[in-house]
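K.L.:
Each protein sequence line maps, in turn, to chains R and G.
To convert a position in the first sequence, counted from 1, into the numbering used here, add 204.
To convert a position in the second sequence, counted from 1, into the numbering used here, add 416.
Since the hints were derived computationally from the structure, they do not count as laboratory data.
There may be inaccurate statements among the hints.
[Stated by the list, open to error] What follows is a list of derived Cβ distance ranges for each label pair:
(1) R/L208 to G/Q495: 43 to 49 Å
(2) R/N459 to G/Q536: 30 to 36 Å
(3) G/L620 to R/F393: 26 to 32 Å
(4) R/L208 to G/L597: 39 to 45 Å
Think of the CB as a built atom: it goes at the ideal place given N, C-alpha and C, for glycine as much as any other residue.
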Amino acid sequence: MNMLHYWRAMWGIIGRELWRFITQRERFISALVRPLVWLFVFAAGFRSALGLAITPPYETYILYEVYITPGLIGMIQLFNGMQSSLSMVYDREMGSMRILMVSPLPRWFLLLSKLLAGTGVSILQVYVFLVVAWFYDIHAPWQGYLSILPALILSGLMLGALGLLLSSFIKQLENFAGVMNFVIFPMFFMSTALYPLWKMKESSVPLSIIAQYNPFSQAVELIRFALYGQFNQTAFIYVFVAFLIFMSTAIMGYNPSKGMMMKKGGA
Amino acid sequence: MGCCGKTMKTDLALSIENLSFSYSGKKALDQVSFDIHSGKCAFLLGPNGAGKSTLFSLITRLYDTREGRIELCGFDIKQHTQKALAKLGVVFQQTTLDMDLTVMQNLRYHTALQGMGRKQALQCIQQSLERLSMFDRRFEKIRQLNGGHRRRVEIARALLHKPALLLLDEPTVGLDVPSRLAIVEYVHQLAIDEKLAVLWASHLIDEIYPDDHLIVLHKGQIKAKGTVNEVLGITNTSIIQDAFYNLTQGVRA
Numbered sequence: 205m206n207m208l209h210y211w212r213a214m215w216g217i218i219g220r221e222l223w224r225f226i227t228q229r230e231r232f233i234s235a236l237v238r239p240l241v242w243l244f245v246f247a248a249g250f251r252s253a254l255g256l257a258i259t260p261p262y263e264t265y266i267l268y269e270v271y272i273t274p275g276l277i278g279m280i281q282l283f284n285g286m287q288s289s290l291s292m293v294y295d296r297e298m299g300s301m302r303i304l305m306v307s308p309l310p311r312w313f314l315l316l317s318k319l320l321a322g323t324g325v326s327i328l329q330v331y332v333f334l335v336v337a338w339f340y341d342i343h344a345p346w347q348g349y350l351s352i353l354p355a356l357i358l359s360g361l362m363l364g365a366l367g368l369l370l371s372s373f374i375k376q377l378e379n380f381a382g383v384m385n386f387v388i389f390p391m392f393f394m395s396t397a398l399y400p401l402w403k404m405k406e407s408s409v410p411l412s413i414i415a416q417y418n419p420f421s422q423a424v425e426l427i428r429f430a431l432y433g434q435f436n437q438t439a440f441i442y443v444f445v446a447f448l449i450f451m452s453t454a455i456m457g458y459n460p461s462k463g464m465m466m467k468k469g470g471a
Numbered sequence: 417m418g419c420c421g422k423t424m425k426t427d428l429a430l431s432i433e434n435l436s437f438s439y440s441g442k443k444a445l446d447q448v449s450f451d452i453h454s455g456k457c458a459f460l461l462g463p464n465g466a467g468k469s470t471l472f473s474l475i476t477r478l479y480d481t482r483e484g485r486i487e488l489c490g491f492d493i494k495q496h497t498q499k500a501l502a503k504l505g506v507v508f509q510q511t512t513l514d515m516d517l518t519v520m521q522n523l524r525y526h527t528a529l530q531g532m533g534r535k536q537a538l539q540c541i542q543q544s545l546e547r548l549s550m551f552d553r554r555f556e557k558i559r560q561l562n563g564g565h566r567r568r569v570e571i572a573r574a575l576l577h578k579p580a581l582l583l584l585d586e587p588t589v590g591l592d593v594p595s596r597l598a599i600v601e602y603v604h605q606l607a608i609d610e611k612l613a614v615l616w617a618s619h620l621i622d623e624i625y626p627d628d629h630l631i632v633l634h635k636g637q638i639k640a641k642g643t644v645n646e647v648l649g650i651t652n653t654s655i656i657q658d659a660f661y662n663l664t665q666g667v668r669a
């Protein structure tokens with residue numbers, strides 16, 4: 205009986221989030237346009253400027269568009285994770301967060317469900333992106349389209365938990381622009397999403413070190429290998445541990461007795 | 417009150433004991449104690465900054481109780497949070513509905529959070545909406561509804577899981593007179609019919625019925641509590657406006 209309650213509540217939260225996403229057509233389109241612009245414009249321009257050596261998981265020379273695709277998938281999930289945390293700040297200001305918080309379930313479970321819901325939305329976006337990329341001649345082995353799914357779940361959860369953690373710190377909606385500047389952009393640019401590590405090392409060793417330890421890089425590598433049916437163990441462990449850290453800190457942030465909710469003085 | 421027996425306790429929907437709370441050293445609530453019994457409507461009156469919002473945040477456990485105790489139907493909110501919250505229905509001051517979802521979708525979300533199955537959920541939703549004459553509009557988006565109807569949906573939602581205590585945080589603010597009166601009447605009737613306890617924060621004194629209970633809060637302290645007549649007696653006044661004025665201006669007549 206009790207398990208059933210958890211199950212129903214989780215699907216209620218996920219269903220609501222997916223439905224909201226589908227009905228908000230502008231959000232759907234803008235979420236898709238962003239990585240496509242990078243793919244069609246940025247990558248096309250860079251193709252000639254950047255020579256790529258053969259590195260795992262690739263077995264032949266590849267076009268820059270092919271290299272950047274997992275990075276853009278990561279970008280979709282990164283933006284999505286931040287966006288869902290933005291919607292949590294918005295929800296909190298608008299009060300619908302309170303409806304969630306007064307439901308008779310443990311808070312960690314509610315937050316985890318919310319996180320799963322956001323991850324579900326991001327995976328939906330990723331698959332639509334992959335379909336468009338396929339028509340643009342970016343093909344992965346067909347098994348890759350399946351084996352990428354668990355990787356997407358884990359990376360989506362990790363990036364979502366980061367967003368959740370940030371949302372517990374952010375007092376108001378306006379502060380969110382700062383997060384975009386100080387979290388999203390550095391994370392994206394100082395990662396292996398756009399250039400491989402060895403290439404970065406050629407120009408700046410410190411930058412390559414930062415990129416190596418950036419959890420976003422590890423998420424991108426996890427996705428990159430999974431897209432070719434391979435399992436990157438280091439990336440998996442790294443992403444998993446990062447998820448646990450972000451999630452437990454976020455739960456503490458939303459805990460009424462310990463967290464930052466106390467300082468906010470309510471909505 | 418002293419210690420009350422089991423039989424007394426079952427009809428005690430909300431019990432607050434010596435509740436204090438402060439924000440960074442500043443006291444927002446100071447030794448607040450009161451009870452609400454099933455079937456009773458209690459009005460929480462107080463000027464802005466009296467501590468009403470803090471009190472509501474503590475009952476809904478947005479903040480943690482540090483000093484004092486809150487019990488819902490005998491369940492301590494800190495020790496048995498989920499059991500206590502299951503007894504609670506809330507209508508917040510700001511609307512908390514999803515504007516782009518339909519009435520039905522909003523209510524289904526709530527029944528899911530409460531762990532209700534599909535059949536039971538649909539049955540309760542129909543019942544709840546019919547009572548508020550909103551059933552015909554169940555497939556409309558919230559955005560298409562006017563303020564009064566949105567409020568009705570929120571009240572219907574708060575009652576879906578048959579709570580023992582209904583918290584209303586100034587639910588009639590911004591509504592026109594007929595919508596306001598309809599809600600006031602509905603909630604009073606509900607308290608009697610369903611044996612529901614209601615804690616209602618309000619600024620609008622005309623919403624109070626003669627049989628209601630009053631809790632006057634000022635600067636975090638309870639200045640008076642009891643039935644309307646008792647409070648009028650304490651303040652030696654004949655209308656609630658005067659009693660409220662005396663209590664919150666510190667002039668005891």
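K.L.:
So, for every hint listed, does it hold in this structure?
P.N.:
For each hint, the structure was consulted:
Hint check: R/L208 to G/Q495, Cβ distance near 24 Å, so the stated range 43 to 49 Å is violated. Remark: the range hint 30 to 36 Å for R/N459 to G/Q536 is upheld by a beta-carbon distance near 31 Å. With their beta carbons about 55 Å apart, G/L620 and R/F393 fall outside the hinted range of 26 to 32 Å. The hint said 39 to 45 Å for the Cβ distance between R/L208 and G/L597, and at roughly 41 Å that hint holds.
The structure fails to meet hints 1 and 3 from the earlier list, while all remaining hints are met.
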